[in-house]
Each structure stands twice: as C-alpha cells, then as structure tokens.
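Put the two chains together into one complex; each comes in its own frame, and the hints tell you how they fit.
The listed protein sequences correspond, in order, to chains A and B. When you line the first sequence up against my numbering, it's residues 1 to 381, in that order. When you line the second sequence up against my numbering, it's residues 1 to 130, in that order.
Any given hint could turn out to be false.
[What the hints assert, rightly or not] With a straight-line cut-off of 30 angstroms between C-alpha atoms, the simulated DSSO-like cross-links for lysine-lysine are: (1) A:116 - B:2; (2) A:93 - B:60; (3) A:228 - A:169; (4) B:60 - A:196; (5) B:21 - A:116.
No wet-lab data here; the hints were simulated from the structure.
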Amino acid sequence: MGDVFVLGIGIHPFGRTEGMTGVDQGVFAVRQALSDAGLEWNDVQFAYGASDAAGNPDTMVDQLGLTGVQFINVRNGCAAGGSALFSAQMAIKSGECDIGLAVGFDKHPRGAFDAKPSEYNLPEWYGDAGYMVTTQFFANKIMRYMHLNGISRETLGRVSEKAFRNGEKAPHAWRRQPVPLEEILEAPMVSDPYSKYMFCSPAEGGVALILGSEKKARELGVPMVRLKAATMRTRPPGSFEVFAPSVDIERGGSATNIASRDAFAIAGVGPEDIDVAQLQDTEAGAELMHMAENGFCADGDQEKWLAEGLTEIGGKLPVNTDGGCLACGEPIGASGLRQVYENVVQLRGQGGARQVPGDPKTAYSHVYGAPGVSAVTILER
Amino acid sequence: MKAIAEGLFTSEPQPRLVGGKDRDSGRIVFPCPESDRFEPVPLSRSGTLWSYTIQRFRPKSPPYAGPEAFTPFPVAYVELPGETIVEARLVDVDFDDIEIGMPLEFTPTPLDPDATDPVMIPAFRPAEAA
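One chain only, chain B, in its complex shape (with noise of 0.2 angstroms):
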C-alpha cells in the first residue's frame, strides 16, 4: 500500500493516520508539520462524524489528482476523542445515510480505484461496517 505522501500513515496492518503533537503545548495537529517543534504521532482508527459535505463537481486539475472520470465524494471532518479533527473522505455509506455524530472508523482509500498501483488517500467508513 502507498500513501499519498511519506509519514500519512502507519505501516502497521491497520495503519493509522500520524498526526503531530506540538512539544510545547501538546496541541495536535494533522498531518505532521515538517518542524522538530512538532512530535509524530498515530492518531486514534476511530471517531464520529463532526462535519461532511458532497464534492459535487470535478475539481480543477492541477491540483486534484483524481481520476479523471468524476464519481461524487463525501468530504468530511472527523472528530478523533482527546486529539484533533481530521479532514477526510467517507466511503462505504449511501450519501443519505450520512449523519453528523455517527461513529467511523480508519480506512486508507485508493485516489483512484481503476489505477493499477493507486496511492492512498486518507478515509473513514462508518464503524459498523467493519
């Protein structure tokens, strides 16, 4: 599996999203900073949903990645307990089934699925389907 940037993830099985803690503060934020003022962290695989919206047109590329035939995406915030909000996808939900609060868990997602070696983008899908 290949993130999308060096030091996204763990490597462990069930990776994780590494974060940063600020040594002084201990403030954490996402993704790590290039800073020796900020400490790598793996954050928690699961949260709730804090905030989400549908992407519903094609972004501009560059910079957007992604392939070039365009499939609606959720674009959300997730609450991970004690530690920071995160910015990711939702996959493996219907868009109606959506609601802010709803548990979720970790799970890296290929940018672009049909790829033959995709990189992975970070992602949540709702915790029950596990």
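Bound conformation, chain A alone (with noise of 0.2 angstroms):
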C-alpha cells in the first residue's frame, strides 16, 4: 500500500461571512487547495466532503464542474470532516485512485447547536427536560475531572487566553482579540465553571485538502507532507458521553484513547515525537482532559503545563496554534480539516507570526463528538 500525501490546503476564513453559503465556502477552499497544489477541478478523481448543516457536499460539482467525479457525502457529528479525510486517504492507499479531495465546510445558526433527542436514541422527555444541551455534558465532564485531578479554573483560564492571543496570529480566525485572563474568569458564567469566553461558538467556515499519492506529490514537486496515520474510533465501554441519561459506574477508555493509541501505531511514533498539536478544544477544559487523553501528558500534569508554557507556540508541545475552536468558532464539518489544515501550514514552514520555531518535522490533530466519536491523523514532513 502507497503512503499518502496532502498536495495542497485551501481555508475560508472561518467566523460569519454574510452572503456567502456554506457550499460557497466550500468551493472558495476547494479552488484554493487546487491552486496551492498546482491542479485544475478535472485532475480529481474523487471526493468525501462533509457537512453537518449547510446541505449536501457533491451539490457543489455545480459550481466546480460537471467533470462526472465520485463524490460522496460524509455525515458523522464532530468527526464528520475526520472521517472524510479518513476515506480519501483509504482510496489512495490502495492504490485505486491517484488525486482526491477531502472537504468540510458548515454554516450554524447563532447560539447552542440544536439537538433532537430522537437524533440519539433518546427519549422525549430528556429534551423536554432541558438535557439537550451540550455544553452541559462539558461542563460536567471537566468538574469532575477538576475533582480528580486537581485542576484550578485560572487554567481553564489560561487555555482560552492562549487560545485568543494565538487566534489573533492566524488569519483564518474568527476571534482574533486577546482577551486578558481576569476577564475570561470573570465572565458571565455560561454553564459552571465554564465563562463565555471558555466555549467555542457554532460557526462558518470551509476547508479543502487534496491528498494524493507519492508519485503525483512528487511530480508536482509540492512540500512532501506525508499523512503518516489516520484514525476514526467510537467510544469502548464505559466512556462519559455527550446526551447520557446514565453513566457506568465502571469507567472506561474514550474514544479518542482508542483513536490515539491506534494512529500512533500506525504511524510508529509515540507522543513525545510529536513536535505541534491541534486538540479539540470547543471548551477550555476539553484541551486539557485531550492532552491526557491522548498520552501527552499525565492526568493532573496540565496543572503545571499550562503555568509554565509549555503549550504555547515556543513551548514544549505546541497546542493549537492557530487559536483552534475557541478562537475559529466551530464549523462541524470543516472543523478537524481545519486542524489538518493548520498542521500542514506549521509543518511547511508558512505559520509566519504563529509560527512554530525549530523547523517542526511531525504533527498531531484530533477531534471528538456527540456521541462518542473521535479522529486523529499524524502527519510527518
């Protein structure tokens, strides 16, 4: 099996753009990433584009040409733009296709998500109740997991202050405003402990990646940037879950343990190769309970992490250089390619002020999602 290579990125800036659709931003990324590759539309042979809200993906063969590609639609909650990208690397891989494209892009309505309860297999009455609520899950995820483990909330502070001074560096960002860490902690409170300034915000916003195989990467003569692993998982037993009416008592994994654990594997590397990472972070204390749960850090150690840097752009492990879904807002279906996107950017050398230093040779990203679902891809330059 041949290994698989991103021959070019396209982003829309992620935020609230007016008069633009959805599938509009998803075309503006898509011609990007083709310009950034040195390709036209009618070289790709195949497509996964994910969308969470904003309608179908392959409606935007109309506006990128009826070239008769295969393209196909990907729906799969927060890993809906992971799970795209897992399948199109899949067709290279085996050598059935040579140039595909992985696209994501999405346009939310303002405020919290709107979640059914029939949507997940639950009854009416835990939305009449008023549990579809996701922040609330959250919420109730990292209390618990500050009990545990020692966590201050002047931490969860800090993820949100990084996460607003890096945003301000990267032009994709929604939120480039550095807000002080008084004023994240002080904030109206949204669901405790978490502030306003401590969850993302559903959003818009477009990302393309054209993968392909060696041969065509080097034909093109593009930056080699080769996806070394690339892992969708759902949750093992006993994992705590967006929209639980109960929870074992026996704990469990999560499924980003497993996607984690898998992807380095496949890729043959451990987390203390790993030289910049994007984590999910659609709230403060997501990126911290990600660091653990993906082998970067022990349970508790974050504490430390985080008062002494170590996560910032010239740290020991860089997290989320580019503000992540704090400060890009949360598109679903563009969301992790967004990660991807930005890894790439770091691993090229082209972050300019977010730039990583010391020339980063691997990178990590992961999402996770209702209702258990989590992706990971590992890329090496």
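Here's what the structure looks like:
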C-alpha cells in the first residue's frame, strides 16, 4: 500500500460571512487548495465532503465543474471532517486513485447547536427536561476531572487566553482579539465552571485538502507532507459522552484513547515525537483533558504545563497554534480539517507570526464529538 | 403526581427511579430502554454527587418544555452505589453549597412549579434536608 501526501490546502476564513452559503465557502477552499497544489478540478478523481448543517457537499460540482467526479457525502457528527479525510486517504493508499479531495464546510445558526432526542436514540422527555444541551455535558465532565485531578479554574482560563492570543496571529481565525485572563475568569457563566470565553461557538467556514500518491506529490514538486496515520474510532464501554442520561460506575476509556493509541501505532511514533498538536478544544477544559487522553501528559500535569507555558507556540508542545475551536469557532464539517490545514501550514514553515520555531517535522490532530466519536491524524514532513 | 414519562418512577408513596437491567450482563442503565433485553428495576433512593454544572441560560425550545421565565438550575450526575450514575436536577440546595461526594436523596420535582398540574422530572436533594 502506498503512502498518502497532502498536495494542496485551502481554507475559507472561519466566523460569519454574510452573503456566502456553506457550499460557497467550501468551493472557495477547494479552488484555493487546487491552486496551491498546481492542479485543476478535472484532475480530481474523487471527493469526500463533510457538512452537518449546510447541505449536501456533492452539490459543489455545480460550481466546480460537472466532470462526473465520484463525490461521497459524509455526516458523522464532529468527526465528519476527520471521517472524510480517513475515507479519502484509503482510496489513495489502496492504489485505486492517486488524486482526491477531502472537503468540509458548514454554516450554523447563532447560539447553541439544535439537537433533538430522536437523533440520539433518546426519549422525548430528555429534551423536554432541558438536557439536550451539549454544554451541560462538557461542564459536568470537566467538573469531575478538576475534582479528581486538582485542576484549577485559572488553568481553564489560561487555555482560553492562549487561544485568543494565537487566534490573533491566524488570518483564518474568527476571534482575533486577545482577552486578559482576569476578564475570561470573571465573564458571565454559561455552565459552571465555564464562562462565556471558555466555550467555542458554532460558526461558518470551509477547508479543503487535496491528497495524492507519492508519485503525484513528486511530479507536482509540492512540499512532501506525508499522512502517516489517520484513524476514526467510536466509544469503548464505560466512556462518558454527550447526552448521557446515565453513566456506568465502572469507568472506561474514551473514543479518543483508542483513536490516539491506534494512530501512534500505525505511524510508529509516540507522543514524545510530536512537534505540534491541534487538539479538540470546543471548550477550555477539553484541550486539557485531551492532552492527557491523547497521551501527551499525565492526568493533573496540565496545571503545571499551562502555568509554565509548555503548550505555547514556543513551548515544549505547542497546542492549537491557530487558536483552535475557541478562536476559530466550530463549523462542524470543516473543523477537523482545519486542524490538519493548520498542521500542514506549520510543517511547511508558512505559519508567519504563529510559526512554531525549530522546524517542526511531526504534527498531530484530534477531534472528538457526539455521540462518542474521535478522529486522529499524524503528519510528517 | 404525573411523571414526565411513563415508567420513569415507581408509583410508591416515596417513588424511586426505574432503571433497566441488562438480562445478560447485569449492567444497569437509566432510563429503562424499551427492549426485551432490559428488565425494569427500581433504583436506590440515595446516592452521592458524582459531578454537576449550573445551567445558566434557558435551553432552546423545542425541545425544552420548561417555563418561559428562566431560573438557573443545577444539572447533576448522581452515583447510586452498585447501580449506575444518573443525570438529574439538584434541588433544595444553594449553588455555593454543592460539593462532589455529598449525600443525596431522590425527590421528583416539577418541571414548572407554577403549572396547575405539573409534570415531575427526576431530581435529588441533599440527604440531610429530609
């Protein structure tokens, strides 16, 4: 089986864009990625497209060109983009195709996500009682985690502070204004212990990645960014997930644990080999818990890591160098692909003011979502 | 007393939550799924606080069917020893006094206290308030 390379990348800035549909933002990203790779739309042999709330991705062919391209739509919660990427790389690895597209976009209404009990195999009363609210789960999860592992609320604040500081340096980020730690901690509460600066918001945006075989990458003369591993996993027994009316007393691991473990095994590297990481940070505590769930530190060490700045752009393991979901918002279909986009930028040394120093060689991305799915990629230059 | 859904509590004077016991593995879940695989079992009235948050904004309607006028409420997970951890409201407690590990007891509570014939939802209160 052949290796898979990222030939080209494109992004439509995240945030709110009046007058452009989600599909339009996806098309914008695809055109940029094609131009980055030095390819035309009719060179693309297949596409996997992810969108949660902005329509069917395959309708993009209206704008990109009716080449008859094979185009498969992916809807997989917050792992939609990761799932599109996983599927696309399989087609190339197998030797079936040598140029393909993974694209994701979304455009969500303002406010919390609309979730219905029936979509999650839950009884109607669960929604009536006011529990179809994702933020409740995230807050409950971190409250338990803080209690068990001695994480302070100030450390949650530091994650958000870093996100907005990094977002300021990323042209595609939405929130590009640094917010002082004190303001983050004292802002109105959304769901304790999280204030409004500690949650990301649903947003809009589009990301496209052109993948190809080693032969194509060499022919095109693009920077050689190799996809060493891409995994997508569902939850194991005893995990604690979004929209859970009950949780097993016997605690188990998470979908993230398995996706991460398997990605490291496939890539043949360990957490200590990673130079830069993008970890799902839909809320400040998620970044902290995911540092441990992905094997980068022990539970509780985050307190020290954040205080010492180890996850800053110049730190031991820079995390969420473009400000992550906290600064970029979360257009579900595009969010996981944004992380990979950012990693390619970092490995190519094109990060500008947010470039990780020391010529990073390996990069890690991780998404997590309802109802217990996770996707991980490891890139190497 | 009208529960928000049929089969959620027992009809005893002091009601209990009804969970579902997997006939093969013995694992207990809440609520009891509508499946022959699960046998309905009454759950313990007392437990301890496993985790919690305060819901500070009114959830979107639909699906939320609570009163239009919103007051923040605690959403908790309560460990029922040897059974399972259930999601429920906390009542009769100051937010500042909530502590993980505190002993709790089951008390169904109205979704809308001002309704003439309110539906009851699962909730717990501090055990010493009994």
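Status of the hints after comparison with the structure:
no.: 1; hint: A:116 - B:2; result: 23 angstroms, holds
no.: 2; hint: A:93 - B:60; result: 44 angstroms, violated
no.: 3; hint: A:228 - A:169; result: 28 angstroms, holds
no.: 4; hint: B:60 - A:196; result: 17 angstroms, holds
no.: 5; hint: B:21 - A:116; result: 26 angstroms, holds
In this structure, only the earlier hint numbered 2 is contradicted, and the remaining ones agree with it.
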